[in-house]
Amino acid sequence: MTQSFEPAGKLRLRARGFGAASDRSFSALSLGAGCLVLAILALILITTLREAWPALTYSGLTFITSSKWVPLEVNGAGPVYGALAFAYGTAVVSLIALIFAVPVSIGIALFLTELAPKRLRSTVVTIIDLLASVPSVVFGLWGIIVIGPALVKIYNPVHDAVGGVPVIGKLFGEPVSSGRGFMTAGVIVAIMIIPIITSITREVYATVPESEKHAALALGATRWEMIRGAVFPHSFGGMVGAIMLGLGRAMGETIAVALTIGAATQLTPNLFASGNTLASVIALNFGDPGVPPGRSALIACGVLLFAITIVINYGARVVVRRAEIRMRGAAA
Amino acid sequence: MNRTALSRRAVVGVALAALALAGCGSGGDDNTGSTSNSSASSEFANLSGDLKASGASFPNAYYQKALDEFANVAPNLNITYNSTGSGTGKKEFGSGLTDFAGSDSLVKDGDGPASGSFLYVPTVAAPITVSYNLQGVDNLQLSPDTLAKIFQRDIKTWNDPAIAADNPAAQLPSKPIVVAHRSDGSGTTNNFTKYLKKAAPSWKLSSGDTVAWPADTQGGDKNTGVAQIVKQSDGAIGYVDLSDATASGLVFAGIKNKDGKYVKPTLEGATAALSGATIKDDLSYDPLDAAGAGSYPITAPTYILVKPKYDDATKGADVKGFLKWLLTDGQQFAAEVNFAKLPAELQQQALAQIDKVQA
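Residue numbers (our numbering), protein chains in the order written: chain X, 420 to 751; chain H, 2 to 360.
Next up, chain X with everything else stripped away, as it sits in the complex (with noise of 0.2 Å):
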C-alpha cells in the first residue's frame, strides 16, 4: 500500500509524511496489540496443555468422570487423578454467586442510571468501584472469620425447614459446623462480582438513547414498563457480556473460594455441603502436589478450567446473537 505513495514528489510525500507514517505505525500497534493477546492465549494453552499431559495420559478419561483425587498411594495401588468433583464444584460456586450477584447488580445499576438524584450517583459508583478493589484474600477471611459462622445461623433454620422436602430438600442438606462450602464460597464470590457486572450493564444502560425512553415514557408507560420495552431490549448483549466477565471472574476465583470452600472432594447436591473447586484445589496443593504426577494433574484441572471458560463463553456470543436478533424484532 504504502510503495504506491513512493513515485510521488518530494513535497507532496513530505507534506503527509508524517500523518502516513504515524498512520502506518498506528496500525501496526494495533495489530500487534491483537496478535499479542492471541500469542499469550495461545502460549498458555500449549505450556499448560505440554505440563498437563503426563497427568492427562496417566488418567486418561477418568481424569473428567471420576471424582476421585487419591494423591497418594493406598495399600500398593497408585495415585488416582479424577477433577470431575472440582469441576462440579466450580459450576455450583459459579451459578450460586450469579444467581446472587446478577439481581443486585442489576438493581444497583438501574437505580443509579434511572433512578439515582445525580448528586447520590457520583458516590454510589465510587463506593462500588472501591468493593472492586478489595483483595479477594480479604473477602476469604471475612468469609471464614464472619460471614461463614453467621451464615450457619441461617442454614440450620432452613435445613430444618425444607430438608424433609423431596427434591429441594437434598440441595439444603445437613450444613457443615464452621459454613465452609459451596454456599458460603458462592455467596462471598456474589459479593465479588457485584461491581464487575454493575459497572459495565451501568454503562450499558447509559448508551440507551434517552428518545427511546422518552417515547416509551410519553406512551404512557410506566417506569418499570420504560425499562423493560426500552432499556432491556436495548442492552441485552451488553447485560449478557457483563455477566460473562462475572462468570468468567467467579469460574477463576481463587483464594477467596480456597478459604471458604472446605476442600472436599465431593459430589453432593448439598449446597451447604463442603466442596472444592478448579481454581481453589491448584492454589491449595501446587506446593505439596503428592505423588507424580500430582503436579501435572492440578496444572491439567486449569486447562480443563481454561475448557470450559471457552466453551461457555461461545455458548455465551451465540445466545446473545439469538436473543438480540429476537429482541430488537420485537422492540421495533
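Check each hint, because a few of them may be wrong.
[Claimed, not checked] Computed from the model, here is a short list of chain X residues facing chain H with C-beta under 8 Å:
(1) VAL489
(2) GLY592
(3) VAL595
(4) SER597
(5) THR673
(6) ALA677
(7) ALA683
(8) LEU703
(9) ASN704
(10) PRO708
[Unchecked claim] Okay, the calculated beta carbon distance ranges per label pair:
(11) H:ALA353 x X:LEU462: 45 to 51 Å
(12) X:ALA496 x H:LEU107: 20 to 26 Å
(13) H:PRO169 x X:GLY479: 48 to 54 Å
(14) H:LYS199 x X:THR466: 37 to 43 Å
(15) H:ALA353 x X:ILE465: 47 to 53 Å
[Claimed, not checked] Here chain X is said to cover these stretches of chain H; the calculated rule only asks that three of the stretch's residues, wherever they fall, bring their Cβ under 8 Å from a Cβ of chain X:
(16) 218-230
(17) 233-242
Calculated directly from the structure, the hints in this document are not laboratory data.
We put the beta carbon where it would ideally sit given N, CA and C, even for glycine.
Given the structure of chain X, go ahead and fit chain H onto it with the hints provided.
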C-alpha cells in the same frame, strides 16, 4: 497471611525472649554451643554473599527467627528462605534454583533432586498436636486406634465406647465430632497420617501430603485455618503444629505412645521422641511413634537439603557456615517459637554431615 502470622509469632517471640534468655543462663551450657561461641562469631562474620532457599512451611517460623538472629552474626551474608511447601522446595532445589531446601519429607524419585546430589541435615523437630474443643472435658486422652477411627469417621460422637475406654474418668457428652484437617497439601498432614499408618492398624487412608479425607470432614487452610475451625466449633478436633496451636490457645489431647503412656505435646516430649528414634546412615530418621516413656508420638522431623559439593566455593562456605551456626548457637532459638532442638547425639551427627559438604 504468612506475614501476619510471622509478625504475630515475632511478637510472641519477643515476649518469650526475656524468659528464654533467663532460662538459657542456667541451662545454656549444653553441647558445643558455648565452646564455639567466642570463636564462632568471628568465623561467621567473614561470610558474605547471597543464598536462596525455599521449602517446607512447617519449620518456617523457626527458620525466619534463626535468619533474623544470624543476620546479627554474619551481617554480610544475605539468606532468604521462602516458605513454599516441601514439594516445591525439593523441585526448585533439584533444578538448581535454590542453594538449599527445607523439607519435611524424604526425597523420592520424581521429586526433583537426583539421588546422590543432596545430603539430609536434620535441623529441629516439632510436635503436631491433636487439638480439640469440647466443653467439660479438659484432659482428653486418645490411643492411636481411637484417633484413627475419629479421623476416618468410624467414630462420630464423643461418648463412643472407644473414647470412653481411653478416658475412664471423663464425663463425655453425646455431641457429634467435627473433624478438621488441612485443605492444602502439607507436610503436617503427611506426618500426621504417617503416624496413624504406623501406629494404628485400623487406619485406612494411607499417608501423604493430601489424603482422601471423608467428605463429612472440614478443611482449613494452613495450620491456622485448622486451628480456627477447632476454636470455632464445640466438639471439634484437628491436628495443628504446636506453635500455631499454642498461639490460638487450643487444648491438646494426650496421645498414647509406644510405651502405653498418654503424653501431651511438649518440646520435652518431642526431644524425647528424637532420642528414641533410630537414625539411618543418611541421617534420615523417623521419630513418629518412637519408643520411650516420655516420647510424644506425633513428632515431626524436618531437614535441610544441601548439595554434597558446591561449584561456587563462596556459596559452599556460606551454606556450611549457616548450617553450622543453626545446629549450634541457632538451636537455642528453637524453643522460643515452639520447636524442639536436636538431642546432643543427633546434633553431632548432623554437624559431621555438614563437614562432608565440599566447598
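Evaluated hints:
At about 4 Å, the closest approach between the beta carbon of VAL489 of chain X and any beta carbon in chain H falls short of 8 Å, and the interface hint on this residue holds. The closest approach between the C-beta of GLY592 of chain X and any C-beta of chain H is roughly 10 Å, which is over the 8 Å cut-off, so the hint fails. For the restraint placing VAL595 of chain X at the interface with chain H, the shortest Cβ-Cβ distance is roughly 6 Å, inside the 8 Å limit, so the hint holds. Hint status for SER597 of chain X: holds, given a least beta-carbon distance of 5 Å to chain H, under 8 Å.
At its closest, the beta carbon of THR673 of chain X sits 12 Å from a beta carbon of chain H; the interface hint therefore is violated under the 8 Å criterion. With a least beta-carbon distance of about 6 Å to chain H, the hint placing ALA677 of chain X at the interface is held under the 8 Å criterion. Restraint check, ALA683 of chain X versus chain H: the minimum CB separation of about 5 Å is within 8 Å; hint holds. Checking LEU703 of chain X against chain H by beta carbon gives a least distance of about 4 Å; that is within 8 Å, so the hint holds.
Annotation: ASN704 of chain X was flagged as interfacial toward chain H, and the flag holds, the nearest CB pair being 4 Å apart, inside 8 Å. Evaluation of the PRO708 of chain X hint against chain H yields a held restraint, the C-beta minimum of about 6 Å falling below 8 Å. A hinted range of 45 to 51 Å for the beta carbons of ALA353 of chain H and LEU462 of chain X is consistent with their spacing of about 49 Å. Checked against the hint of 20 to 26 Å, the C-beta distance between ALA496 of chain X and LEU107 of chain H comes to roughly 21 Å, which is consistent with it.
In this structure the supplied range 48 to 54 Å holds for PRO169 of chain H paired with GLY479 of chain X, their Cβ-Cβ distance being about 53 Å. In this structure, LYS199 of chain H and THR466 of chain X meet the distance hint of 37 to 43 Å, their C-beta atoms being roughly 40 Å apart. For the pair ALA353 of chain H and ILE465 of chain X, the supplied restraint of 47 to 53 Å holds, since their beta-carbon distance comes to about 48 Å. Coverage of the region 218-230 of chain H by chain X holds. Counting CB-CB distances below 8 Å, 8 residues qualify, and the rule asks for three or more.
Counting residues of the region 233-242 of chain H whose C-beta sits closer than 8 Å to any C-beta of chain X gives 4, which meets the bar of three, so the coverage hint holds.
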